[in-house]
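K.L.:
What follows is the residue order along each chain.
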Amino acid sequence: MKNEVYQTIRTERNGGVATIFINNPPVNVLGTKLMKELKTVLQEYAGDDTVKVIVFESDNSEFFIAHVDINILDDQEAVEELTKDVYEGLNIFQTIGEIIRRQPQVTIVKLKGIARAGGAEFVAAADMSFASLETGKIGQTEALMGIIPGGGATQYLSEKMPRNRVLEVILGAELFDAKDAERYGWINRSVPDSEIDLFVDKLAQQIASLPDGVVATVKKVLPPANLQQGYQKENDGWLELVSKPKAAEIFSSIMKKGAQTPDVEKEIETLLRSL
Amino acid sequence: MKNEVYQTIRTERNGGVATIFINNPPVNVLGTKLMKELKTVLQEYAGDDTVKVIVFESDNSEFFIAHVDINILDDQEAVEELTKDVYEGLNIFQTIGEIIRRQPQVTIVKLKGIARAGGAEFVAAADMSFASLETGKIGQTEALMGIIPGGGATQYLSEKMPRNRVLEVILGAELFDAKDAERYGWINRSVPDSEIDLFVDKLAQQIASLPDGVVATVKKVLPPANLQQGYQKENDGWLELVSKPKAAEIFSSIMKKGAQTPDVEKEIETLLRSL
Amino acid sequence: MKNEVYQTIRTERNGGVATIFINNPPVNVLGTKLMKELKTVLQEYAGDDTVKVIVFESDNSEFFIAHVDINILDDQEAVEELTKDVYEGLNIFQTIGEIIRRQPQVTIVKLKGIARAGGAEFVAAADMSFASLETGKIGQTEALMGIIPGGGATQYLSEKMPRNRVLEVILGAELFDAKDAERYGWINRSVPDSEIDLFVDKLAQQIASLPDGVVATVKKVLPPANLQQGYQKENDGWLELVSKPKAAEIFSSIMKKGAQTPDVEKEIETLLRSL
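So the sequence lines, in the order shown, correspond to chains A, B and C.
Sequential numbering from 96 applies to the first sequence in the numbering used here.
Sequential numbering from 96 applies to the second sequence in the numbering used here.
Sequential numbering from 96 applies to the third sequence in the numbering used here.
Since the hints were derived computationally from the structure, they do not count as laboratory data.
Everything numeric in this text was worked out from a predicted model, so none of it was measured.
Quick reminder that beta carbons are idealized off the backbone N, C-alpha and C, glycines included.
Some hints here could point you the wrong way.
Cross-link-like lysine-lysine pairs, in silico, DSSO-like; alpha carbons within 30 Å at most [said to hold, decoys possible]: (1) Lys314(A) / Lys274(B); (2) Lys274(A) / Lys297(C); (3) Lys179(A) / Lys315(C); (4) Lys315(A) / Lys179(A); (5) Lys131(C) / Lys361(C).
Coverage of chain A stretches by chain B, computed from C-beta distances (three or more under 8 Å per stretch; other residues unrestricted) [stated by the list, open to error]: (6) 217-224; (7) 294-307; (8) 310-319.
Kindly generate the complete structure, drawing on both the sequences and the hints.
P.N.:
Written out as structure tokens, the structure reads:
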């Protein structure tokens with residue numbers, strides 16, 4: 096069983112639909128191990144034309160992906176390993192986004208629980224996203240950490256909503272509930288929690304059942320936009336800020352105060368605004 | 096009376112507003128005769144500067160336009176006749192869309208009943224569209240037929256909503272009600288059925304009453320986007336799929352099962368998913 | 096006190112947030128004096144890096160900005176003074192919009208009362224806008240005056256909503272309430288009147304409190320779009336219409352009937368449609 100090789104994800108197949116469950120306790124931070132396993136499984140699916148649709152969901156009911164592991168840049172070797180031989184010029188976070196965006200299958204996020212920062216970028220990189228009306232939350236929290244989003248959000252958001260709302264999302268740095276996220280076009284739509292499993296599963300199965308060639312042709316006619324220049328600008332801005340002592344100080348401070356544990360993560364904006 | 100020459104439409108004039116009623120029983124399929132009459136009347140209006148606004152509506156309360164006539168490609172002569180001397184490089188469906196988009200008048204769709212596939216593209220090609228909250232429905236059904244939209248929808252939708260929603264519309268292939276269509280920006284807005292006639296008629300008359308030059312100048316400053324490249328890509332994708340035996344098999348199968356008759360058309364997604 | 100030098104605005108500072116109150120009785124028309132004072136204060140803030148956020152609001156509970164002063168073009172000298180040394184090729188209205196758009200600070204409109212025509216363009220030029228659910232109203236009224244918007248709206252609206260809705264806004268020329276404006280993406284969102292002060296003040300203070308460099312970097316990565324060509328086309332169209340006798344006749348007629356006084360301004364669409 097392939098599943099046995101993964102430690103931070105598990106997968107299920109149901110006909111043409113593969114589901115990747117994110118399972119990286121305690122709060123599903125997006126660290127190098129999770130990234131590596133996601134990259135591996137997505138590359139495997141990319142070569143398997145019996146997989147038509149990939150659904151991402153979380154094994155943790157409170158967190159989809161908390162955010163990128165705050166300590167991620169400590170392991171430069173793993174970071175370099177992840178970005179090499181993929182998309183030239185992209186940082187590791189943009190690389191993950193681009194892998195999702197270029198996946199030949201249709202990718203769908205079923206968002207239950209919280210997705211912040213790099214987790215929110217993961218959601219926005221997928222072809223479609225549906226959020227639980229009651230539990231789905233999404234936020235670009237980076238500004239509170241002294242940085243800007245560095246994994247594509249400046250570009251992904253700009254494709255989904257006008258600039259006035261992008262600025263509100265990034266500079267306001269609030270956690271949006273599913274209804275507001277839908278209203279801003281950040282996700283496809285919110286679905287009552289009692290219906291979202293059925294909704295996403297039905298949609299995924301229906302897409303997987305489409306006659307041969309339809310998905311590939313739609314993706315060819317409507318490819319993801321080329322964001323090369325935008326990624327570059329975003330990375331320049333992100334790199335400048337993340338290199339400042341202030342960012343390191345904030346990271347260190349919130350780690351000491353319990354970041355990356357469930358209770359603190361639920362209200363991390365409050366902690367960050369109190370520093 | 097000009098009206099007498101048309102068999103699938105009828106027209107009314109009220110001041111500067113011309114209304115074209117689509118009337119092609121039993122379900123208003125968009126066939127070559129209807130296309131030809133639409134092209135003729137629109138070209139006539141294009142040369143008549145007393146017409147300021149053109150409203151499209153249906154004489155059939157259940158169907159605005161069911162979809163393109165499934166047998167349309169059988170009559171190659173009519174197809175060629177329709178596309179020649181119009182917009183080079185566009186297929187017949189894109190040609191109809193482009194005629195609507197380039198109409199000098201303001202074009203408004205009053206959507207009561209169902210508009211699917213080529214009918215949905217017709218709606219999206221118009222300058223504005225308002226749908227009955229209760230009866231207006233719109234869907235890109237093509238994926239279920241083994242093809243992709245080939246009459247501009249890949250482009251028109253991309254102008255109106257972000258790619259995640261375009262993919263949901265095209266690959267999900269569901270019939271949207273007016274409220275959801277409004278939420279996705281597919282139509283201008285939904286209006287209660289009891290108010291939509293008054294709403295559209297008032298708006299049309301008000302636009303027709305604007306001081307000279309305003310409509311023309313607004314259309315000059317805000318022209319429809321040049322979609323030449325997008326149309327080409329869309330047609331390439333559409334043509335590849337429509338040429339496959341699978342598409343022909345689906346078309347033949349649904350015709351045998353009652354497609355293009357009212358009862359079957361009301362729920363044609365169900366029939367198509369059952370094949 | 097700097098405030099003493101201004102006659103049509105007053106300013107307040109609260110930490111990193113500067114608020115500019117528009118105060119040009121009786122209905123806050125955007126005339127040359129108000130424009131000049133806005134330009135002066137914005138240029139002053141542009142050079143003051145202790146100001147992080149600029150909030151615009153009105154001292155008049157019924158009008159944010161009624162519209163541009165109808166007599167504005169009578170004072171050519173003041174108009175020329177305002178546009179020289181700013182952005183080459185832009186008319187005076189576009190110049191004001193561009194000053195707002197290029198402001199290094201985050202600009203936020205708190206919209207209570209009515210913003211029409213040039214006032215609506217002011218709202219749309221800001222980085223963000225929040226409107227009172229009960230009193231906030233916005234409209235591009237120009238079409239009823241025989242002209243098109245000439246201060247950027249054709250471009251600003253096109254960034255915020257699809258063309259079908261832009262055409263409805265400009266050609267329908269109706270005053271939108273805050274809920275509809277939100278639905279169309281014209282403003283960031285509507286907020287109940289009882290909460291909007293707290294909402295905007297909190298957001299402004301939070302943005303002003305972000306770690307150093309975040310605002311500047313976000314604005315650098317997500318700059319306002321270059322609208323040079325669009326401005327040119329818009330101005331060409333506007334100039335052609337505003338030079339016609341019809342526009343002058345409408346301006347003169349509504350001034351005689353009480354335009355720029357509160358009672359008439361509340362329902363000026365009705366007056367304009369009755370001419």
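K.L.:
Please verify the coverage claim for the segment 217-224 of chain A: does it have three or more residues whose C-beta sits within 8 Å of some C-beta in chain B?
P.N.:
holds (count 4)
K.L.:
Would you mind confirming whether the straight-line C-alpha gap from Lys274(A) to Lys297(C) stays at or under 30 Å?
P.N.:
Within the cut-off at roughly 21 Å; holds.
K.L.:
Just to be careful, I want the Cα atoms of Lys179(A) and Lys315(C) compared with a cutoff of 30 Å; is the pair within it?
P.N.:
28 Å, holds
K.L.:
Hinted pair, alpha-carbon criterion (30 Å max): Lys131(C), Lys361(C). Please report holds or violated.
P.N.:
26 Å, holds
K.L.:
If you count the residues of the segment 294-307 of chain A with a beta-carbon closer than 8 Å to a beta-carbon of chain B, do you get 3 or more?
P.N.:
holds (count 7)
K.L.:
Counting residues of the segment 310-319 of chain A whose CB is closer than 8 Å to a CB in chain B, do you get three or more?
P.N.:
n = 7 at 8 Å, threshold three: holds.
K.L.:
Would you mind confirming whether the straight-line C-alpha gap from Lys314(A) to Lys274(B) stays at or under 30 Å?
P.N.:
With Cα atoms ~27 Å apart, Lys314(A) and Lys274(B) stay inside 30 Å; holds.
K.L.:
Need the status of pair Lys315(A), Lys179(A): alpha-carbon distance at most 30 Å?
P.N.:
26 Å, holds
Comparing the model with each earlier hint shows no violations; every hint is respected.
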